[in-house]
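Asker: Construct the entire structure; sequences and hints are all you get.
Protein chains: 2
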Amino acid sequence: MPPDPPRAGELERIRRLTAHLPPGRGVIVGPGDDAAIVRPEDGADLAITTDAFLEARHFRREWCREAPGLARLATAVGRRLAAANLSDLAAMAAAPRWAVLSVGARAESEEWLEEVERALAAKLAESGAALVGGNLARTDGPEWYSLTLVGSVVRGRAWARAGARAGDLIAVTGAPGRAAAFGKRAPEYWADPDAAGPLHALGESWCDPASRVNVAAALAALGAVTAAIDLSDGLHGNLAQLCEAGGVGAEIDAASFGEDALIAGSGPLEEVRYGPSDDYELLITVDAARRAACADAARRAGAPLTFAGRITDRAGDLTLRRADGTRAALPGRGYDHFAAP
Amino acid sequence: MPPDPPRAGELERIRRLTAHLPPGRGVIVGPGDDAAIVRPEDGADLAITTDAFLEARHFRREWCREAPGLARLATAVGRRLAAANLSDLAAMAAAPRWAVLSVGARAESEEWLEEVERALAAKLAESGAALVGGNLARTDGPEWYSLTLVGSVVRGRAWARAGARAGDLIAVTGAPGRAAAFGKRAPEYWADPDAAGPLHALGESWCDPASRVNVAAALAALGAVTAAIDLSDGLHGNLAQLCEAGGVGAEIDAASFGEDALIAGSGPLEEVRYGPSDDYELLITVDAARRAACADAARRAGAPLTFAGRITDRAGDLTLRRADGTRAALPGRGYDHFAAP
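So the sequence lines, in the order shown, correspond to chains A and B.
Quick note: the first sequence uses our numbering, first residue 147, plus one each step.
Quick note: the second sequence uses our numbering, first residue 147, plus one each step.
Since no wrong hints were added, every one of them can be taken at face value.
To give a feel for the contact side, a few chain A residues facing chain B, derived at Cβ under 7 angstroms:
1. I183
2. V184
3. D188
4. M238
5. S248
6. A253
7. A283
To spell it out: a stretch of chain A is covered by chain B in this simulated footprint if at least three of its residues, at any positions, have a beta carbon under 8 angstroms from a beta carbon of chain B; those stretches are:
8. 154 to 160
9. 168 to 182
10. 197 to 204
11. 266 to 280
12. 287 to 293
13. 297 to 306
In silico SDA-like pairs for lysine to any residue, Cα to Cα no more than 25 angstroms straight-line:
14. A:K330 <-> B:E156
15. A:K330 <-> B:R284
16. A:K330 <-> A:P477
17. B:K330 <-> A:R284
18. B:K330 <-> A:E156
19. A:K330 <-> A:Y481
20. A:K330 <-> A:R207
21. A:K330 <-> B:A253
Think of the hints as simulated: they come from the structure by calculation, not from any bench.
No experiment lies behind these values; they were computed from the predicted model shown.
Cβ coordinates follow ideal geometry from the N, Cα and C atoms, glycine included.
Answerer: Written as structure tokens, this is what we have:
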């Protein structure tokens with residue numbers, strides 16, 4: 147057997163990781179110095195978020211047995227990690243600007259990491275953000291990728307989790323539960339990612355979640371949003387957090403979402419739709435009088451927006467109103483990294 | 147045996163981790179929303195850096211056999227991680243402001259992590275920065291802690307690695323090599339951290355590296371610094387990077403540092419002093435005509451500053467001039483996470 151190709155050292159790896167990065171808006175000094183230097187707009191506030199993906203927790207390499215599949219999984223990991231952070235900023239009505247990536251990588255995973263990082267930078271660029279620096283450390287355990295994203299928000303106008311009032315409407319972008327549905331069927335998808343059918347579409351949406359940055363900007367311009375949170379733990383979990391922050395309750399109309407052919411086959415519909423799921427969608431509450439304007443803004447921004455229920459004054463109470471008029475406690479709970487198994 | 151106490155869930159852990167955090171300057175929304183919101187000064191640039199600590203790479207829990215030692219090690223890890231990032235900003239002449247912490251933690255390490263995070267927040271606060279958010283994920287492998295730190299720098303006045311000119315003086319804060327010296331003797335130190343003597347002093351400096359933020363600010367005000375880098379890979383490694391960025395060479399005077407009783411006993415002096423070592427000190431080049439002013443500024447800021455040599459026009463050439471007048475290649479090389487073992 148030929149010997150393994152020589153492995154690149156740390157500085158060479160960093161050079162390869164950063165060589166292709168496009169210049170970003172407001173970037174004075176990009177990768178390669180002790181810190182990046184960027185120039186914020188005068189009069190704006192900054193939003194700062196961080197989110198990480200861990201091997202064996204957010205994805206599993208053993209889903210793919212074929213090398214081409216591995217490259218696609220790396221791309222998906224990069225794009226999803228970008229989406230997770232973009233979604234946090236969208237939920238604050240902030241425009242993404244600059245990001246740094248911190249990585250724990252195994253020595254042998256040079257190509258995989260380059261693929262992850264290239265996909266991540268591309269996804270960020272599509273939403274107006276640039277990767278301006280990072281840190282590369284070696285691990286012998288599971289790999290991890292941690293992104294910090296900084297955005298710009300109109301001074302004093304960031305959305306908060308708190309602020310929902312009884313009577314406000316609850317609106318959700320996209321189709322919550324699809325990430326959870328995919329999680330249950332991931333090995334089946336990766337065995338043949340190109341097979342047609344609902345599982346293929348479900349896989350595509352998992353591999354590249356839509357960014358809700360544009361619709362957030364459009365809705366922010368209306369001034370009708372009273373509270374916002376991103377859907378990264380699941381509809382039940384994140385709605386509970388929004389209600390706790392605002393001291394309110396919520397009632398969800400089961401019929402509002404309709405059927406979802408992509409979720410069917412992945413478990414009981416309500417469990418999947420309301421339970422733990424990292425969809426990176428937006429959950430907002432809006433002034434009921436502004437419903438039509440919000441719907442119109444979302445349509446113009448190209449984002450599906452479902453009015454899914456309303457805020458109540460029953461603090462902490464989360465109710466599901468089924469199509470037959472009966473009421474039940476909203477199924478599901480949020481994702482918890484440290485929940486008892 | 148009594149059963150283990152019930153383990154807290156993710157949200158409860160985050161609450162405990164963030165409950166004690168002091169409010170920070172310019173912090174509009176702290177931990178607990180999708181992103182933190184902060185307010186930069188108009189007219190300033192931002193410096194953004196990220197650095198991570200990994201279990202089994204930057205520290206080893208098995209250094210401590212006693213529980214009290216473990217708490218002290220957690221404090222040291224928190225303070226060193228803060229120092230690693232503070233040092234990056236000092237090397238850009240930036241004032242630290244806001245940080246977010248991303249963590250991969252094992253389920254059972256709740257108290258350890260709280261100790262790390264408390265120590266990190268305290269160290270940041272001493273340099274004017276606040277922890278404003280983070281992310282907590284569970285790992286079953288080695289733990290890791292990744293910090294991103296954002297600072298403020300006078301517009302267009304950030305220091306760069308490039309910029310050193312032949313004839314500039316090379317100056318270094320503190321005593322490079324001490325982190326490397328400690329690394330070789332860590333188990334000996336942790337077996338009895340309170341024993342008197344040089345090893346105790348060496349351990350104290352490892353556990354809590356000085357922040358060079360203040361001296362950087364004082365030197366920046368003089369306008370005499372032509373290039374800067376932080377010493378996180380080792381004097382040889384970081385000097386090589388500074389010289390490469392500037393297309394210059396360097397000559398170090400071995401006698402300038404004098405003896406160092408804390409390094410003695412940890413290996414050949416030159417290897418330890420110039421080789422891989424994460425000291426979080428500053429390496430700067432200054433206009434030779436401003437030497438006295440720089441020395442005075444450092445003294446007022448309370449930082450030891452050693453004039454250690456000069457920049458040459460021999461690009462890439464790093465020379466050591468020994469006390470007897472002989473010259474040799476500068477010993478050591480930089481730390482490389484991915485170097486062949």
